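Trainee: One letter stands for each residue in the lines below.
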Amino acid sequence: MTVDLVAVLFVAAALVACGAFAAVWRRDLTAALTGVPVIFAGAGLAFAGVARFSAAAGPELIGQEVAVLLAVTALALLALGLGIAGREASR
Amino acid sequence: MDSLHAIGFYASAALSVIGALVVALAPGRELRGAGLAVLGIGLAGLYLVLSAGLAAAVALLCYLACAALAAGPRYRAIEPAVTSYWRQLGAAGAAGLLALLAYAAFRGDFVTVGFFGGVVNSAALGRLLFAHDALATEAVGAVVLVALVGATAAWRVRERSR
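Residue numbers (the numbering used here), protein chains in the order written: chain A, 1 to 91; chain B, 1001 to 1162.
Derived from the structure by calculation, the hints contain no laboratory data.
Given the structure is predicted, the values throughout are model-derived calculations rather than measurements.
A hint or two may mislead.
Below, a sample of chain B positions facing chain A; criterion: calculated Cβ distance under 10 Å [said to hold, decoys possible]:
id : residue
1  : A1020
2  : R1032
3  : L1039
4  : Q1088
5  : A1095
6  : F1110
7  : L1129
8  : W1155
9  : V1157
Derived list of chain A stretches under chain B, where covered just means 3 residues or more per stretch with a C-beta under 8 Å from a C-beta of chain B [as the list claims (entries may be wrong)]:
id : region
10 : 4 to 16
11 : 32 to 40
12 : 60 to 67
13 : 75 to 81
Glycine included, every Cβ here is placed at the ideal spot set by N, Cα and C.
Based on the provided sequences and hints, a complete structural model is requested.
Mentor: Here it is as structure tokens:
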């Protein structure tokens, strides 16, 4: 049993597709917004995998750096979207 | 990569894909939040196996915060007038995207090189974040600041108008 870049990219593709499916399938926009961090997770995983297995030129940790930035950006986008949507009126 | 790492990788991959499926398919906001938390734990495990310890810690924190946000208070339901035809077309597009990405991953001719970094890499990653690519870090910091200020302003305006 081994792990290579192809396995990492398969998992990343599954995450991106699940996130895209959540974003387009949900009727409610605030629920659809939760698909965005899933897409970013897939993208970050692909970057980290390339940094681990195939970073031949340039700084080899640049994929990990992009993964960190993507995780922070996903949180910021979710916070902004849910803040704009607002809460239901209290009854 | 030895078989213990491989077992960790596939267990974490299963956890993260299950979390993503829960986010995509579960009905309630609490379940969606739980799905995001499971996704974050799985993603952190994947990053750890890929020798990205600092990225794992940051991703775990961010995705647990995303889960708390998504499962937190009762948000307004905003339903745009999108017909089910377009939703089905979008779902088919997502399936096509999966097929395309999987095909690209399978057929790609990737260079394989050795990795000589450590497990956590915090010093090297910090040098990249704050020296080599400081502009990108500043840009993401600006995005976070705008998002937090915008979210706070939106909450306050809605609370006041109630």
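Trainee: For the region 4 to 16 of chain A, count the residues whose Cβ lies under 8 Å from any Cβ of chain B; is that count three or more?
Mentor: holds (count 13)
Trainee: Quick check on B/Q1088 please, does its C-beta sit within 10 Å of some C-beta on chain A?
Mentor: Holds - the Cβ of B/Q1088 comes within 10 Å of chain A, reaching about 9 Å at its closest.
Trainee: How does the coverage statement for the region 75 to 81 of chain A fare against chain B, requiring three or more residues with Cβ below 8 Å from a Cβ of that chain?
Mentor: holds (count 6)
Trainee: Please check whether the region 32 to 40 of chain A has three or more residues whose CB lies within less than 8 Å of a CB on chain B.
Mentor: holds (count 4)
Trainee: Under the criterion of a CB-CB separation shorter than 10 Å, is B/R1032 in contact with chain A as hinted?
Mentor: holds, 5 Å
Trainee: Using C-beta distances, would you say chain B covers the region 60 to 67 of chain A, given that this needs three or more residues below 8 Å?
Mentor: It holds: at least three residues are needed, and the region 60 to 67 of chain A offers 6 whose Cβ sits within less than 8 Å of chain B.
Trainee: Holds or violated: is there a CB of chain A closer than 10 Å to the CB of B/A1020?
Mentor: holds, 4 Å
Trainee: Does B/V1157 pass the interface check with chain A, least Cβ-Cβ distance below 10 Å?
Mentor: holds, 8 Å
Trainee: Grab the minimum C-beta distance from B/W1155 to chain A and call the hint holds if it beats 10 Å, violated otherwise.
Mentor: holds, 6 Å
Trainee: At a threshold of 10 Å, is the proposed contact between B/F1110 and chain A supported by beta-carbon distances?
Mentor: Holds. Min distance 5 Å.
Trainee: Quick one, is the B/L1129 hint okay against chain A at 10 Å, beta carbons?
Mentor: This hint holds: B/L1129 lies near chain A, its Cβ roughly 6 Å from the closest one there, short of 10 Å.
Trainee: The hint names B/A1095 as touching chain A; please verify it with the least Cβ-Cβ distance against 10 Å.
Mentor: This hint holds: B/A1095 lies near chain A, its Cβ roughly 7 Å from the closest one there, short of 10 Å.
When each numbered hint is compared with the structure, no violation occurs for any of them.
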